[in-house]
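The lines below spell out each chain.
2 protein chains.
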Amino acid sequence: MSASRLHDLSRCAIHTQTNKSWKLRQCIDHYSAAGIKGISVWRNVLEEIKLADAAKMLRDAGMTVPALVRGGFFVAKDSPAKKKASEANRRCIEEAQAIGAEMIVLVVGAVPGISLTEARKQVADGMAAMLPEARAAGVKLAIEPLHPMYAGDRSCINRMAEARHICEQLNDPLVGIAVDVYHVWWDPDLETEIALAGKMKTLFGYHVCDWRPNTRHLLTDRGLMGDGCIDLRTIRGWVEATGFRGCNEVEIFSDEYWAMDQQAYLEKICRAYLQHV
Amino acid sequence: MSASRLHDLSRCAIHTQTNKSWKLRQCIDHYSAAGIKGISVWRNVLEEIKLADAAKMLRDAGMTVPALVRGGFFVAKDSPAKKKASEANRRCIEEAQAIGAEMIVLVVGAVPGISLTEARKQVADGMAAMLPEARAAGVKLAIEPLHPMYAGDRSCINRMAEARHICEQLNDPLVGIAVDVYHVWWDPDLETEIALAGKMKTLFGYHVCDWRPNTRHLLTDRGLMGDGCIDLRTIRGWVEATGFRGCNEVEIFSDEYWAMDQQAYLEKICRAYLQHV
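One line per chain: the protein sequences are A and B, in this order. Just so it is clear: in the first sequence, position 23 is 7 by this note's numbering, and no numbers are missing. Just so it is clear: in the second sequence, position 94 is 78 by this note's numbering, and no numbers are missing.
There may be inaccurate statements among the hints.
[Claimed, not checked] Covered stretches of chain B, going by a simulated chain A footprint (3 or more residues, C-beta under 8 Å): (1) 92 to 100; (2) 191 to 198; (3) 204 to 217; (4) 234 to 240.
[Claimed, not checked] Computed beta-carbon distance windows for the label pairs: (5) A:ARG255 with B:LYS61: 42 to 50 Å; (6) A:ASP109 with B:GLU31: 52 to 60 Å; (7) B:SER63 with A:ASP215: 21 to 29 Å; (8) B:TRP242 with A:ASP62: 52 to 60 Å; (9) A:ASP62 with B:ARG229: 22 to 30 Å; (10) B:LYS61 with A:ASP156: 46 to 54 Å; (11) A:ASP44 with B:TRP242: 54 to 62 Å; (12) B:ARG200 with A:PRO116: 38 to 46 Å.
Everything labelled a hint here was simulated from the structure, so no lab data went into it. Even for Gly, the Cβ is constructed at its ideal location relative to N, Cα and C.
Turn these sequences into a full structure, and let the hints steer you where they fit.
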């Protein structure tokens, strides 16, 4: 990796949820001021403004939008629940197209009482049903494998291998994977699966944060890059060896960091990014 | 599975840590009174009494002791730390032999700053060093794969596949695997790996509990069988299809259940075992 690529923020993007208390306007202004032109937009920041205004804000500021976060939740016990999910995913596609997001990150879902095998079938079916509209809108669909600790209630896809199986089934250039180190860093097959995703052209997104030893909460105790035990440089090396040239997206849910002054936190994020990503 | 095997406690064992507040004497008396003759002994309950007395208590009550819990923690940054671990493991073997435990359950360890690949090498080396004494004592060594959420600081072996790799390297009849559903239930390869372990004669132990959706704590929020989303009957079917006839060991760490009256909790455990295991 050339020093030039390592020591600048040119490929850094931040997920709005990382600075949970900021509105879209604040995220755009603060990120831009910090020299960060990438932003992955969480749907909650779009709820409070007109979609067209959000799109204009992002466009006027010249922001790159790797992802709209998040769609999916395909797994359901009955058809009303499935219908609700597919309507939400339809709105996702409209929003992603409107704000010029390259992809929608999919948290595929899991429901207690539905076996993981059955759940994975429902995910493939749900994505297949979503594809025509995604294609019409020119929006990619990125499966994000979630850590096995979320297999009970959030995602039946817990390793890159299972995400790859869905990509193989659907075999569509718009279907791929968003790799978040938080979920997959421990997987002994990670290097192999990243290389495979590169060959299959399914490596759509790369998310960074860190895993804190003695994690205090399953959802809101992610570490800032450097806080934990993930070898980020090595994994980024594997990702870029495939030819990936997308953004390195910073996505951190942390009660500890959410409690900080967010501008001071953003400065911390920039230093951590330059030092560890 | 014949109804007879399903609907009795004859193969039920309980880990003393499940009833954390009870001393060994209380565990033996209450389990025996409930018709449970299997007990896996945690080392803390041995600290407060003479080893010979513990052995006599277990023998006099006619208890079966599948496991002494726990040894391992092979991963370390320097040789003093490794020496400390090997001494602790030596004491483990003496204790296991003294109380007639069939196996020692190994939590293999993980240390931030040591890569998982390097850590797994240290585990294989540490177990190899432990083997001569284990052989002399006639005690089996069972690797317990821990959930990937413990990869940061407790175990670099997070799936049955990685445990199998160590078994293949050491290739010794005393080296095998303790399968705890809490850690591996989500693994798409679970059925295959259990069958493989059966063929390789490395399936030493089977631990049951449940995974609660919306788990509140990474260490102390395990579910009682039936509380969560693990298909225990199906997994027990896979385990017994290999010819496994050992105990089904109940091992639950739960602040919620530890706060209950422990005799009432034991009755709950028996009902849950008969209904779900």
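Any hints from earlier that this structure breaks? Give me their numbers in increasing order, please. 4, 5, 8, 9
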